[in-house]
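Novice: For chain A, the structure is supplied; the task is to place chain B on it using the hints.
2 protein chains.
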Amino acid sequence: MMTITKDGQPVYDITLADSFHALSDFLGVYDPSGQKKYGIVSDSKVASFYLDAIFSIVSEHTKNVIKFVFHEGEENKKLETVEQLYTTLIENRFNRNDCLIALGGGVTGDLTGFAAATFLRGIDFIQVPTSLLAAVDSSIGGKTGVDFSAYKNMVGAFHMPKFVLINTACMETLDKRQFVSGMGEVVKSALIKDKAFFEWLLDNREAVDKRDKDALSYMITASDLVKKNVVETDPYETKGERALLNFGHTLGHALEKYMDFSFMHGECVLIGSLFATELSCRKGLLSREDADRVIQYIQTFPLPEIPKDADVEKIVSYTRNDKKAAADGVRFILLSEIGNAVISRDVTEEDMCNVFHDYLK
Amino acid sequence: MMTITKDGQPVYDITLADSFHALSDFLGVYDPSGQKKYGIVSDSKVASFYLDAIFSIVSEHTKNVIKFVFHEGEENKKLETVEQLYTTLIENRFNRNDCLIALGGGVTGDLTGFAAATFLRGIDFIQVPTSLLAAVDSSIGGKTGVDFSAYKNMVGAFHMPKFVLINTACMETLDKRQFVSGMGEVVKSALIKDKAFFEWLLDNREAVDKRDKDALSYMITASDLVKKNVVETDPYETKGERALLNFGHTLGHALEKYMDFSFMHGECVLIGSLFATELSCRKGLLSREDADRVIQYIQTFPLPEIPKDADVEKIVSYTRNDKKAAADGVRFILLSEIGNAVISRDVTEEDMCNVFHDYLK
Numbered sequence: 001m002m003t004i005t006k007d008g009q010p011v012y013d014i015t016l017a018d019s020f021h022a023l024s025d026f027l028g029v030y031d032p033s034g035q036k037k038y039g040i041v042s043d044s045k046v047a048s049f050y051l052d053a054i055f056s057i058v059s060e061h062t063k064n065v066i067k068f069v070f071h072e073g074e075e076n077k078k079l080e081t082v083e084q085l086y087t088t089l090i091e092n093r094f095n096r097n098d099c100l101i102a103l104g105g106g107v108t109g110d111l112t113g114f115a116a117a118t119f120l121r122g123i124d125f126i127q128v129p130t131s132l133l134a135a136v137d138s139s140i141g142g143k144t145g146v147d148f149s150a151y152k153n154m155v156g157a158f159h160m161p162k163f164v165l166i167n168t169a170c171m172e173t174l175d176k177r178q179f180v181s182g183m184g185e186v187v188k189s190a191l192i193k194d195k196a197f198f199e200w201l202l203d204n205r206e207a208v209d210k211r212d213k214d215a216l217s218y219m220i221t222a223s224d225l226v227k228k229n230v231v232e233t234d235p236y237e238t239k240g241e242r243a244l245l246n247f248g249h250t251l252g253h254a255l256e257k258y259m260d261f262s263f264m265h266g267e268c269v270l271i272g273s274l275f276a277t278e279l280s281c282r283k284g285l286l287s288r289e290d291a292d293r294v295i296q297y298i299q300t301f302p303l304p305e306i307p308k309d310a311d312v313e314k315i316v317s318y319t320r321n322d323k324k325a326a327a328d329g330v331r332f333i334l335l336s337e338i339g340n341a342v343i344s345r346d347v348t349e350e351d352m353c354n355v356f357h358d359y360l361k
Numbered sequence: 001m002m003t004i005t006k007d008g009q010p011v012y013d014i015t016l017a018d019s020f021h022a023l024s025d026f027l028g029v030y031d032p033s034g035q036k037k038y039g040i041v042s043d044s045k046v047a048s049f050y051l052d053a054i055f056s057i058v059s060e061h062t063k064n065v066i067k068f069v070f071h072e073g074e075e076n077k078k079l080e081t082v083e084q085l086y087t088t089l090i091e092n093r094f095n096r097n098d099c100l101i102a103l104g105g106g107v108t109g110d111l112t113g114f115a116a117a118t119f120l121r122g123i124d125f126i127q128v129p130t131s132l133l134a135a136v137d138s139s140i141g142g143k144t145g146v147d148f149s150a151y152k153n154m155v156g157a158f159h160m161p162k163f164v165l166i167n168t169a170c171m172e173t174l175d176k177r178q179f180v181s182g183m184g185e186v187v188k189s190a191l192i193k194d195k196a197f198f199e200w201l202l203d204n205r206e207a208v209d210k211r212d213k214d215a216l217s218y219m220i221t222a223s224d225l226v227k228k229n230v231v232e233t234d235p236y237e238t239k240g241e242r243a244l245l246n247f248g249h250t251l252g253h254a255l256e257k258y259m260d261f262s263f264m265h266g267e268c269v270l271i272g273s274l275f276a277t278e279l280s281c282r283k284g285l286l287s288r289e290d291a292d293r294v295i296q297y298i299q300t301f302p303l304p305e306i307p308k309d310a311d312v313e314k315i316v317s318y319t320r321n322d323k324k325a326a327a328d329g330v331r332f333i334l335l336s337e338i339g340n341a342v343i344s345r346d347v348t349e350e351d352m353c354n355v356f357h358d359y360l361k
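So the sequence lines, in the order shown, correspond to chains A and B. Quick note, the first sequence lines up with residues 1 to 361 if you use my numbering. Quick note, the second sequence lines up with residues 1 to 361 if you use my numbering.
Hints are not guaranteed to be accurate.
As the list claims (entries may be wrong) - No more than 20 Å apart at the CA atoms, straight line, and that leaves these computed lysine to any residue pairs for SDA-like:
1. A:K6 with B:D7
2. A:K162 with B:T238
3. A:K78 with B:I90
4. B:K239 with A:Q9
5. B:K78 with A:G122
6. A:K314 with B:R93
7. B:K152 with A:N95
8. A:K239 with B:K162
9. B:K162 with B:D234
10. B:K257 with A:E91
11. A:K6 with B:Y236
None of these hints come from the bench; they were simulated from the model.
Next up, chain A with everything else stripped away, as it sits in the complex (with noise of 0.2 Å):
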């Protein structure tokens, strides 16, 4: 377990487990008389693995609970979704004493973040990931929001939520292509802030594949604590601190969208990444070593393939449509080492756009 905190003052914990039988412990201690009412948010996908463990495990708490299921899918991350929960919800009279729970994959979990964050002005909410990303990254900080107008996370809040339960035993029904994108915010974690993990990696690589429960245990444990670390020292993204967490994800973000959200966003972290590496020592911040050492490994991974007619100076004009621009030009997150990431204001469209022709050659 580890606990998440704000000016030194805990404000939720994150438990990793082999089942979701500690969601029963936290209700214990969170609702002891059981008064408030549950709502369980989940996609059609994951509802039908998970939803009647979940509920059978919060109806043993209250008798107030109820279902929301939504079709599975990025492209029902949308504020009619949202609106569709509002609607369930005002019809179950839940008030500000309640409480969301997403069960479910990032898409579930930004988007029941964002309706606790709305509602009535704020409700709470638990975060319950089944996916590798979600468990790594997107469950853990706050950031919550929907997709609008074909702009990912254009609506949102800052909304923490009250518990996160990791289940590793749900990462064993993960399809490879969602671990590998999963994977691609365990590399970046590690790149930015933990070389000794890199190297974990790198180690542990089969016991990895397998999806050995222990390392995979160790593995989420140490790219939550990056996490943490920097979601602690810049809770809402405006010191810099959280700008790293974006390694990878300039390039990546913009290839995605190119490829009209075919490939999966880690597969594009991954490969943002990458490019992230040569970039960084092609500005002479890392060895040459050091780069080719992060980029073999990555090249490992089953990465989708990019057309070799791809228009590169489309993906890269793409990245001047990131939200996270500042006023004064695009902040590129490179490595001074492995384990160290720096914001850079020196890497241009062009160094971008050749970077990318030299990996489609």
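Specialist: Chain B only, in chain A's frame:
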């Protein structure tokens, strides 16, 4: 000028003046190099009075200023209008460093604040309230939101403005009903926290009615000081103190809803305050003499007439829907004396019906 603080730290200033000129001074400090974009949000009615003046002041500071005008009326305080505003901001490439300016009454301030709270997970906004109601209530305290599915402020967020500029000259153009509506929150502020201010209101009735500039200035400042002290003690409505601002609102909201919003908010607050004062007396908290002084004062305002055949039981049943209702029953705000409000759980629906029926006799 007064400053709203949180945990002892200054958060934003409220400036009271008889022109918009102070906006220019604020911008000079807030954005000295004029690099931000500004979006002025206004409804069609207020825009016709003041939009050019504000546009001109901001344009002197920067060339990056746009207007967003929506059709006036509470019925447009909805997510669709916010979505139109998001689209305008996207088209004009607003990013996290940019700023909205809410020019108007409560509808504009609440809607603009909510858009600012949620666009890119939060951008800055400035409140320029042009109605008395907004100047003494909705522009201060960081509550933002829109109506949803016939429920008022069902969707929203706490998001503090960067600056509040109250131009008392705007109060001169308000029609009589709007002005009286604003007085609802003024009277409430005096009753819950400031006996001397209530006495001032009795003594200065004529100057207020004439909208004498000095009287308005004193009255708005005194009201805002009450609100400042309450929201500083309880910024997120979690500690009870902020509930005191709900004096007159439990029955006021219910009446507003029953009359399908044909009565104005502050008119309903005046009537609700009258009922809450009478209930304070019947519950043995307030002397008959004090209750009568308050009730007689409220009755000097031109209150809208409630139909004699109003379904009182139905109106009272609406108090159950109040989103501020705690899990353990309606918290009703009463006066223990003029200038001191308390939270009561002793007021039953029967009590409310009785006071309502007696008023209609």
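Novice: If a hint holds in the structure, say so; if it does not, say that too.
Specialist: Each hint tested on the structure:
1. In summary, the hint linking K6 (chain A) to D7 (chain B) is supported, as the alpha carbons are separated by about 14 Å, within the 20 Å threshold.
2. Between K162 (chain A) and T238 (chain B) the alpha-carbon distance is near 15 Å, which keeps this suggested pair within the 20 Å criterion.
3. Taken as a hint, the K78 (chain A) and I90 (chain B) pair is honoured in the structure, with Cα atoms around 16 Å apart against an allowance of 20 Å.
4. Taken as a hint, the K239 (chain B) and Q9 (chain A) pair is honoured in the structure, with Cα atoms around 18 Å apart against an allowance of 20 Å.
5. For the hint pairing K78 (chain B) with G122 (chain A), the CA-to-CA distance comes to about 17 Å; that is within 20 Å, so the pair holds.
6. Straight-line distance between C-alpha atoms of K314 (chain A) and R93 (chain B) comes to about 18 Å, which keeps the hinted pair within the 20 Å bound.
7. Taken as a hint, the K152 (chain B) and N95 (chain A) pair is honoured in the structure, with Cα atoms around 14 Å apart against an allowance of 20 Å.
8. This hinted pair checks out: K239 (chain A) and K162 (chain B) have alpha carbons roughly 18 Å apart, not beyond 20 Å.
9. At most 20 Å may separate the alpha-carbon atoms for a hinted pair to count; K162 (chain B) and D234 (chain B) meet this at roughly 19 Å.
10. Distance check on the hinted pair: K257 (chain B) and E91 (chain A) sit about 17 Å apart at the alpha-carbon level, within 20 Å; holds.
11. For the suggested pair K6 (chain A) and Y236 (chain B), the alpha carbons sit about 17 Å apart, so the restraint of at most 20 Å is met.
The structure fails none of the hints (numbered hints given earlier).
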